[in-house]
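A.B. asks: Below are the chains, spelled out letter by letter.
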Amino acid sequence: MTEPLLDVRNLDLVLSRRGGNVPILQDISFQIMPGETYGLVGESGSGKSVTSLAIMGLLKKPLKVSGGQVVFQGQDLLKLRPRRMRDLRGDRVAMIFQEPMTALNPLSTVGRQIAEMYVLHQGKSWREARRLAIDALDSVKVPNPERRVGNYPHQMSGGLRQRVVIAMALACDPDLLIADEPTTALDVTVQAEVLRLIKELCAARGTAVLFISHDLGVIASICQRVGVMYAGCLVEENDTVALFSNPRHAYTRGLMGALPRLGSRLTHGRQRLVDIDSVIADRSVLTKTRFITPRGAANGESA
Amino acid sequence: MLQFTIRRILQVIPTILVVALLIFVIFSVVPGSFAASLFSDGRTTANPEMIAQLNRELGLDLPLPQRFLNYVMDLAHLDLGTSFRTRQPVLQLINDRMWASLQLAVAAMIFAVVIGVPLGFTAAMRPGSILDSVTMIGAVSGLSMPQFWLGLLLMYLFALQLGWLPSFGYGDGSLRNLILPAITLGVTPLALLARTTRAGVLDVMNADFIRTAHAKGMSESKVVRWHVARNALVLVVTTVGLQFGSMIGQAVVIEKLFAWPGIGSLLVDSVAIRDIPVVQGTILVIVLWFLLINTAVDLIYAAIDPRIKQR
Chain Y
357 MTEPLLDVRN
367 LDLVLSRRGG
377 NVPILQDISF
387 QIMPGETYGL
397 VGESGSGKSV
407 TSLAIMGLLK
417 KPLKVSGGQV
427 VFQGQDLLKL
437 RPRRMRDLRG
447 DRVAMIFQEP
457 MTALNPLSTV
467 GRQIAEMYVL
477 HQGKSWREAR
487 RLAIDALDSV
497 KVPNPERRVG
507 NYPHQMSGGL
517 RQRVVIAMAL
527 ACDPDLLIAD
537 EPTTALDVTV
547 QAEVLRLIKE
557 LCAARGTAVL
567 FISHDLGVIA
577 SICQRVGVMY
587 AGCLVEENDT
597 VALFSNPRHA
607 YTRGLMGALP
617 RLGSRLTHGR
627 QRLVDIDSVI
637 ADRSVLTKTR
647 FITPRGAANG
657 ESA
Chain R
306 MLQFTIRRIL
316 QVIPTILVVA
326 LLIFVIFSVV
336 PGSFAASLFS
346 DGRTTANPEM
356 IAQLNRELGL
366 DLPLPQRFLN
376 YVMDLAHLDL
386 GTSFRTRQPV
396 LQLINDRMWA
406 SLQLAVAAMI
416 FAVVIGVPLG
426 FTAAMRPGSI
436 LDSVTMIGAV
446 SGLSMPQFWL
456 GLLLMYLFAL
466 QLGWLPSFGY
476 GDGSLRNLIL
486 PAITLGVTPL
496 ALLARTTRAG
506 VLDVMNADFI
516 RTAHAKGMSE
526 SKVVRWHVAR
536 NALVLVVTTV
546 GLQFGSMIGQ
556 AVVIEKLFAW
566 PGIGSLLVDS
576 VAIRDIPVVQ
586 GTILVIVLWF
596 LLINTAVDLI
606 YAAIDPRIKQ
616 R
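So the sequences go chain by chain: Y and R. Taken in order, the first sequence gives residues 357 to 659; the numbers are from the working numbering. Taken in order, the second sequence gives residues 306 to 616; the numbers are from the working numbering.
Do not take every clue at face value.
To be verified - Part of the chain Y face toward chain R, derived, beta carbon under 7 Å:
1) P418
2) V421
3) D447
4) M451
5) T458
Claimed, not checked - The following residues of chain R were derived to be distant from chain Y, with all beta-carbon distances above 10 Å:
6) N352
7) Q371
8) V418
9) F453
10) D610
Unchecked claim - Some residues of chain R that are not near chain Y, with every Cβ distance over 10 Å (derived):
11) W454
12) D477
13) R481
14) D513
15) W531
16) D574
Rather than coming from a laboratory, the hints here were simulated on the basis of the structure. Values in this document were obtained by computation on a predicted structure and should not be read as measured data. No residue lacks a Cβ here, since even glycine has one placed at the ideal position from N, Cα and C.
Use the sequences and the hints to build the structure in full.
C.D. replies: See the structure below:
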């Protein structure tokens, strides 16, 4: 068996404040193999994005990691010096964010923003970096890259901007790409294109992907393995096919029950969408236990 | 861009007309007239015949609309009229005083920018730190302090007690005379700039694209230089522009206090004796100055932010 590329071990994360820490993530463990696409799915507030930020070392106060390891290519990222972590970030581990509208600096050209990657990590000159940026735009299928390289973000559509963000993230051929809801803000047709693009590019370069989404359909179409998060815990993990055909955890079943299906009786108005009752638990009152059971729907208990 | 500039300049014309009209109306309703102030010594009232004759000489006996029309016609020929008191062309009086005012305003603004912007920037880099708290308390104090009072304090300390600097006057136009009035005038914009710079930088620091920059593996200093600075600059330019524009107006008090021979003190003196052509002329210059700065700010905006050019 090969070494995992990323090995998150028992990651705990808290929100520290006066009067005690509030647990945000509890005992998260998962592995991503080189070249694998791993999906993290869960409702809003379940801790998907925070997990990705913890891996990137981009947590902001008052959030902090309180235990566990994030082993990437054999080294624990949490113990790395800030300077080393910085060199790794963008170069070996890159990230795509949700909002393409705001993820780019409005006052600088997209070419310049892509070029920064080559200047930062590969020591290229600006002139050379700009040429590479044109190639990068071409690789994400932006039409007219020579012209587009001088565009400002406001001159581009959301789909194009997200392509720019992807070009930026993949500029240095990272080993791991973290994609945090990369298509959520896009409309459905553009979403499919961008998704296909990520899939193709990462497959071609052998880049592993940590794909975060609340959209089960998207996850199913792109990931080999899936982890389900709920209230700061990883409650279930399996191969995509196995997970979808045989969800084991109550919450996973609840999540799938909430998925509308075309042609089901639901669409003819005879059946209601199952919703997952109760709101996201207030973490400050939770202790370090498994706290999934109270939610009833899929347990067969009436809530 | 050229079209934009031309449009801005044309917009100035109606503004000037409205301002001229306002001044006319105000001076026709406030009590007192030039003739009365000239002939009365405070104890005896002036001879009505002498007042009437002087009014006739100055054209003040004409009906208000007529006078306004004449004024506007002269204005079209760039003639600001003649001072009642000195019988000199207003343009020349203003020209004599304008440069001292500009000198003061520019010096005060340089003082404010050079200290205020870096202060606000460093405060924003470490929000909640001691430096941040001290800066912000200082800024609030600077904003709340009446300028004339601060001027008096500085004068007392540096001129009377320490004897380092002259307490008032233009002197031979050397820097020594400029320091105290410039600092006094510069404190308010300095405080305001420190606050807005801090707020602007903090705002930018929380933007999504700054997170992107960090995710690219950029060092903090590069993030600031490549992405924060330019974005924060927009707010700084706005504040500098607004402050600079209103500065000549604000300088009226300071110029009077330090006996600085600018158009501010010219204005105050002229109002006191109802020398209407000079008052109008100086106010027009102050308004023009304001409009000029505003236009310059708009052009600078367009240079900083590519989104503005498009419109």
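A.B. asks: Of the hints given before, which are not true for this structure?
C.D. replies: 1, 2, 10, 14, 15
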